[in-house]
Amino acid sequence: MDVKVKILRYNPEVVDEAEWKTYSVTLQPTDRVLDALHKIKWEQDGTLTFRRSCAHGVCGSDAMRINGRNRLACKTLIKDLSPDKEITVEPIKGLTVLKDLVVDMDPFFEAYRAVMPFLVTSGHEPTRERIQSQADRDRFDDTTKCILCAACTTSCPVFWSDGQYFGPQAIVGAHRFIFDSRDEGTEQRLEILNDKEGVWRCRTTFNCTDACPRGIEVTKAIQEVKRALIFRRV
Amino acid sequence: MQQHQYDVIIVGAGGAGMRAALESSKRTRTAVLTKLYPTRSHTGAAQGGMCAALANVEEDNWEWHTFDTVKGGDFLVDQDAAEVMCREAVDAVLDLEKMGLPFNRTAEGKIDQRFFGGHTRNHGEAVVRRSCFAADRTGHMILQTLYQQCIKQNVEFFNEYYVLDLLMTDGKASGVVAYELATGELHVFSAKSVIFASGGFGKVFRTTSNAHTLTGDGMGIVWRKGLPLEDMEFFQFHPTGLAGLGVLLSEAARGEGGILRNKDNERFMERYAPTVKDLAPRDMVARAMANEVREGRGCGPDGAYVMLDLTHLEPAHIDAKLPDITEFARTYLGVEPYTEQIPVFPTAHYAMGGIPTNIKGEALANNDDVIPGLYAAGEVACVSVHGANRLGTNSLLDINVFGRRAGIAAAEYAETASFEELPAEPEKYVVELVEGLRNSTGEERIAAIRSDLQATMDLNAQVYRTEGSLKQALVDLEALKLRFADVAVQDKGKRFNTDLLEAVELGFLLDLAEVLVVSALERKESRGGHFREDYATRDDVNFMRHTMAYREVDADGNETIRLDYKPVVQTRYKPMERKY
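As given, the protein sequences belong to chains A and W, one line each in that order. The numbering of the first sequence is the UniProt record's numbering, which starts it at 1 and goes up by one. The numbering of the second sequence is the UniProt record's numbering, which starts it at 1 and goes up by one.
Calculated from the structure, these hints are not laboratory results. No experiment lies behind these values; they were computed from the predicted model shown. Idealized CB from N, CA, C, for every residue including glycine. Any given hint could turn out to be false.
[Unchecked claim] Derived coverage of chain W by chain A (criterion: at least 3 residues anywhere in the stretch with Cβ under 8 angstroms from a Cβ of chain A; other residues may be distant):
hint	stretch
1	42-53
2	134-148
[To be verified] A short list of chain A residues far from chain W (calculated; beta carbon distances all over 12 angstroms):
hint	residue
3	M1
4	E17
5	T204
6	E217
Start from the sequences and build out the full structure, keeping to the hints where you can.
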């Protein structure tokens with residue numbers, strides 16, 4: 001089938017402002033948007049620039065705004081996008097666009113690093129593994145699935161208007177440890193998230209949950225962190 | 001051009017690179033150069049688990065694991081290295097747990113373990129639960145956990161830096177040259193130790209589980225320096241790739257009870273491996289599947305694949321143990337694994353060969369001598385713990401055990417060594433490589449050459465090989481190299497020029513494909529992942545030895561590949577027929 005793909009192009013080496021450019025591509029209905037981008041880059045215009053690696057939704061490289069919604073290009077099938085109409089592809093919002101679909105990911109990773117996303121323990125390490133029941137393990141399973149693609153954070157209206165806000169992903173990253181029975185860093189982490197740019201900025205619009213390509217209930221995780229802050233226990 | 005100096009440079013930020021960084025950065029000034037953001041590395045795509053004889057759910061010991069690794073590798077494994085890996089496996093898993101890795105748990109709250117292909121109790125008696133796992137995203141959790149530890153330890157990363165050359169001074173490693181994707185600027189890094197941990201080169205094949213970025217850069221760089229590559233003919237084809245796509249479906253699907261069936265709904269693995277059936281090693285299962293298809297028992301309109309059947313498993317069990325892979329089947333093929341069988345076919349998965357190293361992770365210049373300051377770990381390396389065929393889960397183990405060892409060895413060396421003077425004009429090779437491609441006036445499309453490369457490799461150097469098919473591949477590769485000399489890079493800019501980098505990567509792929517094919521042509525036997533229809537049995541008299549390939553350039557600039565051989569290290573296991 002012939003599909004029209006409209007892409008927001010921007011290369012500051014060449015132009016001052018981003019502009020839409022439309023390409024015609026022949027695709028199978030089961031092709032992914034990433035296949036469409038590759039066909040354009042490989043057969044029509046080698047300057048089209050985007051990040052990608054694994055191509056099956058586990059590395060988190062190719063989050064982009066497709067038909068107005070944040071998704072992974074490698075997990076979005078053409079047939080699920082009503083391809084009789086034009087498909088629009090633009091960079092995720094709220095991070096500086098560096099070229100075409102490539103944005104500056106450093107602020108996003110900085111927010112993640114800021115919430116102490118690592119196991120904090122004290123005392124002597126056990127000789128064998130720490131004991132944890134499967135129920136305790138399941139408590140934080142949902143947020144372990146995060147692939148740091150930034151689809152959630154860059155779908156958040158609060159993040160768009162206030163670049164200082166940690167954003168949903170950082171809270172998900174903190175949640176994964178706050179609710180891990182082995183972790184002892186909860187107090188410090190909650191203090192970080194209690195910041196004015198922290199968890200209270202969330203307005204529960206659920207964009208993040210809709211955007212997550214891993215199906216993480218992001219808004220629920222944020223609510224759980226808020227509740228933990230109010231009651232100071234998990 | 002910018003200059004930097006670090007004691008240890010690590011190239012690659014997957015599992016092996018970050019595990020090495022955790023050791024090295026504790027001891028000495030370390031930088032990790034990675035062409036991707038660390039969490040994009042392909043370690044994250046590994047699914048099923050990491051084996052270690054923890055004996056948490058049944059009797060087990062590391063010696064049985066060693067035996068399975070040696071036998072699984074069709075006796076081409078260096079047995080001293082396998083002993084190290086399987087003995088240190090227990091601590092490697094416990095270390096990850098202490099770093100916070102969320103393993104699945106037993107009823108007592110210990111790390112849970114499950115079955116995996118080729119892993120047996122008491123030297124092949126029956127399958128054993130040895131794989132430690134976090135659902136079917138164990139690699140994802142290892143990658144995340146190691147990255148989290150790197151954050152905790154403040155490891156210094158240079159993200160989206162493509163290392164394109166290794167610098168050598170008087171036979172010692174002295175640094176690397178990197179291309180910064182964001183700016184197109186070159187960076188010269190002077191270092192006492194360099195560790196390559198840059199992964200495999202699965203993109204020489206079309207049907208592959210590998211990421212687009214797995215283009216063998218590390219192996220290619222070392223190769224162009226005239227250093228050897230070991231056992232490059234041994235490439236693993238994972239049995240269960242989604243048909244037509246190659247996306248990996250973990251062996252854990254069979255470990256949890258999944259069954260392979262042909263068009264008659266027969267459990268055909270009973271014929272090929274009566275004892276362990278669907279849990280035979282990957283090379284045997286992949287060949288059995290290809291054989292079913294060749295003999296007309298394949299499924300689908302063209303009879304081109306077989307089926308993976310999970311329909312007899314409880315949906316709740318599937319959701320708990322195999323959530324990601326069943327989602328792949330739904331997303332990409334529209335198949336519901338609760339009620340429908342999943343079309344699968346072998347997919348190029350893992351390079352057993354690579355940069356030869358010893359058990360400390362030191363890279364070798366030949367059969368005996370180490371290259372001072374140069375190290376390799378993970379898929380880019382060949383220790384050799386995988387021999388002719390890697391067992392499932394042993395790659396996640398390899399990166400943790402030998403990543404750690406390489407990190408320690410590189411740091412200890414750096415603590416005593418001094419910086420070598422860099423060669424004159426250290427950036428010269430990379431400038432010529434990059435500018436040559438950027439300014440080329442050629443007409444050949446990068447993607448067209450790559451596509452033809454992958455087509456000939458899939459057709460001629462895959463699960464089944466013959467002298468004729470391999471010779472055809474060589475003829476095709478010669479023609480492709482000529483076309484590559486006329487390649488066109490459309491993007492002439494400096495900023496995020498991924499077009500240019502794809503051309504560079506294609507150059508590495510073409511080099512490595514040729515090494516693979518030449519090595520395969522000379523190995524006139526069948527062993528592990530290398531199956532020659534014209535020499536269908538293993539020949540221990542003539543070929544119980546590693547292949548060592550060298551690039552040689554004569555006075556006129558003509559390149560040839562010279563093959564040499566290296567003995568296999570045998571300790572306690574004598575070669576035996578490989579039956580399961």
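Outcome of the hint check:
| no. | hint | in the structure |
| --- | --- | --- |
| 1 | 42-53 | holds (count 3) |
| 2 | 134-148 | holds (count 7) |
| 3 | M1 | holds (17 angstroms) |
| 4 | E17 | holds (16 angstroms) |
| 5 | T204 | holds (26 angstroms) |
| 6 | E217 | holds (14 angstroms) |
Against the hints set out earlier in the document, no violation occurs for any number.
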